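Student: Mind docking chain G on chain Y? Use the hints.
If you're matching them up, the sequences are chains Y and G in order. When we follow the working numbering, the leftmost residue of the first sequence carries the number 5, and every step to the right adds one. When we follow the working numbering, the leftmost residue of the second sequence carries the number 1238, and every step to the right adds one.
To be clear, the hints were calculated from the coordinates, so they are not data collected in a lab. Do not rely on the hints blindly, as some may be mistaken.
In silico DSS-like cross-links for lysine-lysine, where the CA-CA straight-line distance does not exceed 25 angstroms [to be verified]:
| hint | chain 1 | residue 1 | chain 2 | residue 2 |
| --- | --- | --- | --- | --- |
| 1 | Y | Lys30 | Y | Lys63 |
| 2 | Y | Lys59 | Y | Lys30 |
| 3 | Y | Lys30 | G | Lys1294 |
| 4 | Y | Lys41 | G | Lys1240 |
| 5 | Y | Lys72 | Y | Lys59 |
| 6 | Y | Lys54 | Y | Lys71 |
Everything numeric in this text was worked out from a predicted model, so none of it was measured.
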Amino acid sequence: QQPVQSPQAVILREGEDAVINCSSSKALYSVHWYRQKHGEAPVFLMILLKGGEQKGHDKISASFNEKKQQSSLYLTASQLSYSGTYFCGTEVSWTGFQKLVFGTGTRLLVSP
Amino acid sequence: DVKVTQSSRYLVKRTGEKVFLECVQDMDHENMFWYRQDPGLGLRLIYFSYDVKMKEKGDIPEGYSVSREKKERFSLILESASTNQTSMYLCASSSPKTSGSTDTQYFGPGTRLTVL
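With the rest of the complex left out, here is chain Y (with noise of 0.2 angstroms):
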């Protein structure tokens, strides 16, 4: 089942805050967030494994709470080039295959 990505479109204006939510019906190992911008591939941002710790990158990080099955996208102090749509893929145990399950993916519009 395809994790769900929450919301699905966000609009701010520059310098503000935000948080993407994608959540699962199973347990996960692993969930990894991509960004894909208008014609562009998508482009890994980060990944969260089970038992790890919160990730950042600059002002984007992530969390993964197990017990939830969810893991969060956070944003802050938004800029221009963060605009495009952020993807979650999960994977539910490790098999060397890296078969991720695609949430649907927010799209975020950063405006000046």
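Tutor: Same frame as chain Y, now just chain G:
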């Protein structure tokens, strides 16, 4: 840098034609994947391969087949294209070596296929 390339950015075919989409990666990755991306549905896995000549069905394999004769190349084949296969097709590769690896998938630029 990892590079994943796809043979065409845009492709227009007619219903019933046989269509080949090619993907090549240059990082010696074991795993390769084909996804289709449709508005509101996200990325859905069609097939993946974890070694030469090995393939596994993904979530939506119907109407598709794949071929992996060389490690760096993974082909998606539409035996008889239909209009409902009009979509964006993305190839990806990865090589997670052990449990706990923080490696991930690297995507190609995509092929936008239109079937008329």
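Student: Output the numbers, in ascending order, of every earlier hint that fails for this structure.
Tutor: 1
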